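Keeping the supplied structure of chain A fixed, place chain B with the ligand upon it in accordance with the hints.
Protein chains in written order, with the working numbering: chain A, 1 to 441; chain B, 1 to 237.
Heads up, a few of these hints could be off.
Below 25 Å or equal to it, Euclidean Cα-Cα: the simulated SDA-like pairs (lysine to any residue) are [stated by the list, open to error]: (1) B/K64 / A/D145; (2) B/K71 / A/T126; (3) A/K152 / B/G128.
Only part of the chain B face toward chain A is listed, based on derived beta-carbon distances under 8 Å [said to hold, decoys possible]: (4) G15; (5) Y42; (6) K72; (7) F144; (8) A221.
Don't read these hints as lab results, they were simulated from the structure.
Source: prediction; values computed, not measured.
Think of the CB as a built atom: it goes at the ideal place given N, C-alpha and C, for glycine as much as any other residue.
Now for the letters of each chain:
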Amino acid sequence: MRTFLAILVCRILTVIGKLVGKGTSLPGGYALKVCPDILRRLKKPPVIIAVTGSNGKTSTVEMIAAVLRANGKTVAYNVEGSNQIEGVTTMMLNSCTWGGKMKQDVLLIESDERYTKFTFKWFHPTHYVITNLYRDQLTRNAHPDWVFDAIKESVFEDTKLLLNADDPTVSLFGQGRQDVVWFGLDHNAYDSKEFSGAYHDGAFCPLCGKPMEYEYYHFNHVGQYACTACGFKRNPTDYSVTEVDLDQSRIVINGKDEIRLAFKSIYNIYNILATYAICDQIGIPTEKAAQVTSNYILKNGRYIEFTLGQHPGTFLISKHENSVSYDMSFRYAAMQKEHCSVVVIVDAVSRKYFTSETSWLWDIHFDWLKENHVKQVYLCGKYCNDLALRLSFSQVPTDKLRVFEDIDAACEELRAHGSEHLYAVTCFSDRMKFLSNVTVK
Amino acid sequence: MKILHLFHDMMNLYGEYANLLVLDRYLSEHGQQVQIDTLGVYEQKDISGYDLYFMGAGTERKQKLALEELKKYAAPLKDAYENGKVFLFTGNSFELLGKSLTDAAGRVYDGLGLFSFETVEGNRRIVGDCLGSCALFEEAVVGFMNKCSKTTGISNPLFTLQMGFGNEAEKGPEGICEKNFFGTHLTGPILTKNPAMLREITKRLIGAVDPQITIPYMQQAYETTSRALKNRLEGNS
Ligand SMILES: [Zn+2]
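Only chain A is shown next, with the shape it has when bound in the complex (with noise of 0.2 Å):
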C-alpha cells in the first residue's frame, strides 16, 4: 500500500511537474517522504548499472542507453541533473507498475558522486562504472578525497566494478577486489612524457603517498604511473583502446572494434571505452556497441557547430569549477593547429547554488592557448577580470587577451570582425548568453 502511493504521489507531483516546468527530483523526494525506503520494496531489473565520477557520466550514460536500446534492450534511466537520489527515485517510480514492478531488461543509473551512497544504501546495482576523480565543484565536493571516501560507501562486495585504470584515484577502488574490470588507453601518439597541467594530482601515490613515476600522460594525471615505494601501479587491462588516430578520427578497442568518432577528444574516447566495456559485460557483441558508438553524436548539447557572423565556430562545454574540463577544451582547440579565436565565459559560477569563488582559475593549465594559431582569446562576463588577471600570469601573451564584461558586446565585436574559427568555452550555467547571440547549425 505504501508503495503504491508513493508511486501515486510520484506520478502525480510528475504531471504537475511538467506543466509548471519544475525539475524532476521533487516528486522522488516527496515519493521517498511517504515511503522511506522505496526503492528497496521496487522489484527492479536483473541489470542495474551505475555510472559515477567526476567527469563523462552523462555522455557514457546517455551512450550505453543508445546501444542497449540498439540490441532491443528496454531500459530505464534518468538524465543529466536528476543524479541524486530524489531524482533517481523519480525516474523509477515513473518507470514501473503500479505494483512496483520495474519491467525493463536494464536498470541505468547516472549517480552523482557525493550521494551515490545514499541510492545504494537501498540496493546495489550489478555494475559500476567509476570514470575519473578530479577537482570539480569545491563548493559541494570539497576535493578528491573527499569525494573518494563518499563513493567508497557506495561500492559493495556483490557489484562488479569497471575501473578507469588510467586514474590513480579510481585505480584505489580496486584495490584488494579480485573481479574488477579495468579499462584504459594503450600508449599512443598523443601521449606526452611530461606532465601538463597547472598542478599534479597524481604526483603522490594515493594508496602510500610516496611519489609515483608516470611512463606517459595521457592528460593532466591520467596515465601509465607506479609507485615508487609500495608497488600500487596501473593494472593491466580488459578493454583498452589499442589505436587512436585523431586526424582520421578513428580508434580501435581491443584490437578488433573500429569505431569513428564525431568528437575527437580525449574525454569521447573515453565514454566510449566505458561504453564498449560495459555492454560486453551484460552480454551485447562488441561489434554491436561499436556499430552505436561510432559516429555517435551527443545529443546532450555539449558540443555544438556554429556561426557568428564571418565566423564558423565550435562551442565546447566545460564545467566551472573544474579545470580537467577547461584542460580539456583548450588543448582541444590548441590542437586543431587552424587559425582561430578562443572565447572563455565565466559569468554565473554556478546555475545551483550561490558562489563568487575563483580559485579554481588558476588550475586552469591555460598555456595552451599560447599557440601562434590562436589569434585572440576573448575573457567575459562578471569575471572577466578574474580571468584576464589569471591569463596574465600564464604564457598567453597579453595583447592577444580581449576583457569584456558584458557578453554581448564580446559577441557583436565578433560578429563585425574576423572570419577566423572560434571555440567557445563556458559552463552549463553560462551557455545561452554566449548560444543566444549565434546562429546555431
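Just chain B with the ligand now, kept in the frame of chain A:
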C-alpha cells in the same frame, strides 16, 4: 628577497601557488630581486635564511603526510618565526604549527608546537564563500573556506568573518596573526583575491608599499567578488 614555498608539490589545492606568483610580481615592481625556492615534501635541505615561508592547503590525508615531514624542520621554522620572518600558511597548513591535530577517527597527531592552539577534524565539511574583516586594513577580506576542522585556543585571530565559519564558530574569529605569522583557513590564492592582504604582507617584507604600483585587473576582480558577497550577505542575491 628570498621566499621558500614549502611542500609546493603536495600542499597545492586550488591555485595556492598563485599566492607566490602575485607576490613575486608585486615585490619585483617594487624593485626587489626576488628568489623563490621550493622545498618538496620528501626533499631534505637547509631552510634557514628566508624572508618569507609559505605553505598552502592540502587534502586531509596529504596534510598528515606533510605534518610528518614538516616536523623535521620544526627547529629552523621556530627560529625564523622568533626572528620575525614572515609566514603565510593557508588552509589546513597552519593547523600543523599548533600543539595537536586530531583526525575524524580520533587519532591524535602532535603539531610542531609553535603555537598552543589545537585542531580537531570532523565528518562535516565546512565549505563556502567567506567575507570578513581584518584589523590591519580597512578593506573587507574575501575568500573561500574548505575544511572539516575546528581550531581552538587562538587569542589573536587574523580575521573576523561576517560570512563563513571561522576557527571554531560560524561568523567567528578566523586564522591567527602573531608577530609576522599569518595563518588562515581560507584556501586558494588569498593574495590574488585581496589586494590589501598583498600590501600588508609586502609591508612586512619591505617596510612600505608604493600606492602607485598595482597589478592589472586585480582591484576590479576584488571588487566583483566583494560586491557579490556583500549583496549575498544583505540578502539581495
Ligand atoms: Zn605507494
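Check: Which of the numbered hints above does this structure break?
Finding: Failing hints, ascending: 2 and 6.
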